[in-house]
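> Single-letter residue listing:
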Amino acid sequence: MIRKSGWLVFIIFFAALLALVYLVAGPAIRLGMVYSLEKVVGAEVNISKVSLELAPLALRINNLQITDAAKPTHNSLSFGHARAALEVWPALLGYYVIDELTVDGLQYGAERSSEGKVYRVPGVEGEKVDIAQLLQVDLPDADELIARANLQTPAKAEALQQLAATEQQQLKTLQTQLPTKDSLAQYQADIKALTDSKVANAADLAAKAQQLQQLKDKLNSEKAKVEQVKQQLTHSKESLQRAVEELKAASLADYAKVQQLANLSDGGLAGISQILLGDVWGARVAQLQTLYELAKPYIPEGGISSGQGSETTEPEVVLPNRILPLPGQPYPDFWVKTARVNWLIGGGEATIALQDITAQHALINSATKFSLDVKQLPQLAAFNLSGDFAVLQQMVTNLNWQLDGLNLQPLTLGKGDTALDLAAGLISSSGKLNLTDNQITQQASVVLNAANFNSTGNKYLQQLANLLNQQQQIPLNIATTGLISAPEVSIRSSLDKILGDALLGEAKQKVAAYQAELQAKLNSQLQTGLAGQQDWAALLTQQDGELADISGSIENMLSAKMADVKDQAKDKLKDKLLDKLGGGN
Amino acid sequence: MLTMLAKILKVLNSQASPWQIGWAIALGLFAGILPLGLLTLLIVLIVCLLTVNLSTFIVVWGLTEGLMLLFATPLENLTWQYAQNDTLLQVLANTETLQLLHLHHTLTLGAFVLGAVLLLPVAWLSKALVMQYRTRVMSSVQKWKLTQMLKASKLFALYEKLN
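Quick mapping for you: the protein sequence lines, in order, are chains A and B.
Here numbering that gives the first Met the number 0 is used: the first residue of the first sequence is 0, the next is one more, and so on.
Here numbering that gives the first Met the number 0 is used: the first residue of the second sequence is 0, the next is one more, and so on.
Honestly, the hints are just simulated from the structure, not real lab data.
One should not assume that every hint holds.
As the list claims (entries may be wrong) - Short, incomplete list of chain A residues facing chain B, as computed with Cβ under 10 Å:
id	residue
1	MET0
2	ARG2
3	SER4
4	GLY5
5	LEU7
6	ILE10
7	PHE12
8	LEU91
9	LEU92
10	GLY93
11	ASN320
12	ARG321
13	LEU323
14	PRO329
Note that the structure is a prediction, hence the values are computed from the model and not measured.
Note that CB positions come from ideal geometry on N, CA and C, so glycine has one too.
Based on the sequences and whatever the hints tell you, model everything.
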């Protein structure tokens with residue numbers, strides 16, 4: 000059962016395996032890296048050599064170039080050589096602990112010796128962040144500003160117009176039911192005919208009294224109709240008055256809003272810099288969402304439950320991981336203890352130093368720290384960036400920066416009629432940023448020095464360019480809070496009022512014209528809506544008075560004539576009785 | 000492919016015991032399921048030390064490695080789902096030897112459990128099939144034109160010579 004040469008066979012097999020790994024590992028890793036990177040970037044990737052060093056265990060990559068798919072004559076990223084030294088014992092346990100990672104000659108956008116192949120043409124929406132693009136905004140015109148103000152007046156004016164039309168229609172319907180002058184005259188004539196006629200006997204008297212009563216009832220009915228129309232009129236007047244007041248209030252509120260937007264009055268809610276740069280800065284800040292999405296699988300969902308120490312907290316990891324979540328994991332899945340990147344930038348060099356790169360910061364009880372220090376580049380006096388990043392119960396990122404004397408390349412803000420050229424300028428900026436999970440808090444100050452603006456656009460922009468050129472400094476204070484996907488950006492500048500007065504001169508004129516037009520419309524609507532009703536009111540009052548008069552006179556006539564008729568009837572009856580009695584004596 | 004077929008036929012028709020072939024298939028399967036590491040080396044050592052048929056072991060190991068390109072991800076997901084056991088994780092965390100064998104790696108643990116479970120049944124089943132083949136099929140296969148063609152081929156002659 001036991002093979003006598005078993006150990007020998009095994010030793011030969013093991014030695015062959017080691018030799019194979021040593022000889023083939025480098026080229027195999029190189030092929031794997033080229034294949035994977037080309038698949039990701041969609042363009043040619045070149046790596047001169049990948050070699051494995053055994054003592055100490057390290058991987059070395061020489062001359063990596065990744066072609067820029069959008070510009071194949073240049074690389075998107077390249078470096079001279081990189082070396083990662085692995086710790087042996089953690090590697091035997093299956094953890095990638097890199098003691099030291101160095102990258103020399105890192106470059107973005109370096110020219111290639113020969114044009115690289117492109118396998119997949121990039122989309123137009125490639126996300127590149129550069130200052131020119133950051134400032135590439137369209138200046139809003141007056142119409143857009145008015146649109147942004149979300150005015151209420153047009154809606155209220157429309158509502159008033161509709162209300163007036165409805166009320167007038169109702170009044171017209173009621174008008175047809177009112178007694179005409181002719182019908183009132185007819186009533187008078189009928190009554191007169193009845194009262195002037197002689198009463199022949201008691202039966203005639205009763206018939207006439209009944210006819211008179213019918214006429215009286217008709218008159219009362221006409222009076223009731225007039226009363227109803229009067230009530231409707233009062234109601235219409237009240238409704239229209241209310242609508243007019245609402246319209247006036249909306250008009251006033253809108254004017255105040257436009258004033259604030261156009262920075263016509265002090266203490267406006269939104270300054271011009273907010274209008275110009277607010278959305279742009281918000282969109283840039285929202286790009287940090289990518290960082291959060293990358294770290295999200297590592298962030299525990301529930302946070303620390305009360306009464307539990309840090310040792311007993313187990314992250315509730317949902318995605319399958321290469322390594323099982325051991326209670327006392329000795330090393331993170333991957334951990335780069337120190338990294339140094341030598342970055343060739345803008346005709347000079349910058350060094351990026353990083354410490355403790357991992358996604359499992361709780362295991363090493365330390366955050367990932369990074370710093371970048373750049374000095375005396377041809378286009379930049381100094382730039383310092385430092386910060387830390389940790390995925391614990393929450394993802395926390397802190398970032399501080401100080402930028403001095405960044406020489407701006409000529410660029411154009413806006414386009415067409417609202418184009419503003421910035422021929423030269425120096426930007427300085429400092430600020431800090433905190434990102435906790437997907438909540439951002441950021442403060443930054445940006446100062447544009449020695450700016451030289453030109454404009455061939457409309458007179459307001461020329462006026463603005465002159466004003467800006469007169470300023471020694473153009474300061475901006477930018478604050479961002481809230482969700483990174485929808486941040487609230489506040490940009491303030493002491494120049495807001497000057498800028499607003501200049502840039503929004505056209506807007507102010509349009510707003511004033513709009514106000515005048517609105518006032519004219521309002522007056523016309525009040526005339527059609529209210530003035531018409533006043534005539535109606537007078538007519539109704541007159542009709543009501545006439546009816547009351549007629550009714551009153553009829554009452555008097557009726558009671559007088561009725562009494563007269565009764566007296567006549569009494570006298571006739573008395574005479575008849577006396578004749579009969581006298582003839583009997 | 001022809002070489003592999005010739006190898007299999009040669010082993011099946013040889014004097015090698017059915018158990019040697021059965022264990023070679025089972026251990027080849029085990030080594031193939033496992034990601035390359037210390038556990039694989041241990042299996043290779045066992046195969047070298049015991050009189051297990053080497054040719055069969057190497058062929059089955061190679062075939063299983065190919066199959067694992069398809070089944071590694073589902074096996075890893077399944078292991079992750081069932082390995083969230085406090086006692087198991089505690090044992091793995093406290094035993095450095097198990098970590099050295101990479102049993103705290105999701106795929107390695109799943110492959111180890113699957114390989115260990117399949118080891119005996121596969122060895123027994125392979126032995127039984129080899130015995131059945133030798134008693135019932137071998138004489139017919141020897142008469143097949145394909146077998147005779149294979150035996151007559153230069154490649155087979157070269158293989159015979161080298162062995």
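> Are the hints correct? Go through all of them and say.
These are the hints, each one checked on the structure:
Taking 10 Å as the C-beta cut-off, the interface hint given for A/MET0 holds, the closest approach to chain B being about 6 Å. Evaluation of the A/ARG2 hint against chain B yields a held restraint, the C-beta minimum of about 5 Å falling below 10 Å. Interface restraint check: A/SER4 against chain B, minimum CB-CB distance 8 Å, threshold 10 Å, status holds. The criterion of a C-beta within 10 Å of any C-beta in chain B is met by A/GLY5, whose closest approach is roughly 4 Å, and the hint holds.
The interface hint given for A/LEU7 is met, as the beta carbon of that residue sits about 8 Å from the closest beta carbon of chain B, less than 10 Å. Look at A/ILE10: its Cβ gets to within about 9 Å of chain B, closer than 10 Å, so that hint holds up. Satisfaction of the interface hint for A/PHE12 is found here, the shortest Cβ-Cβ separation to chain B being roughly 6 Å, below the 10 Å cut-off. Annotation: A/LEU91 was flagged as interfacial toward chain B, and the flag holds, the nearest CB pair being 6 Å apart, inside 10 Å.
Proximity of A/LEU92 to chain B holds as hinted, the smallest CB-CB distance being about 5 Å (cut-off 10 Å). With its C-beta approaching chain B no nearer than about 5 Å, A/GLY93 sits inside the 10 Å limit, and its interface hint holds. For the restraint placing A/ASN320 at the interface with chain B, the shortest Cβ-Cβ distance is roughly 7 Å, inside the 10 Å limit, so the hint holds. Because the closest C-beta pair between A/ARG321 and chain B is about 6 Å apart, less than 10 Å, the hint holds.
Look at A/LEU323: its Cβ gets to within about 5 Å of chain B, closer than 10 Å, so that hint holds up. Restraint check, A/PRO329 versus chain B: the minimum CB separation of about 8 Å is within 10 Å; hint holds.
The structure agrees with every numbered hint stated previously.
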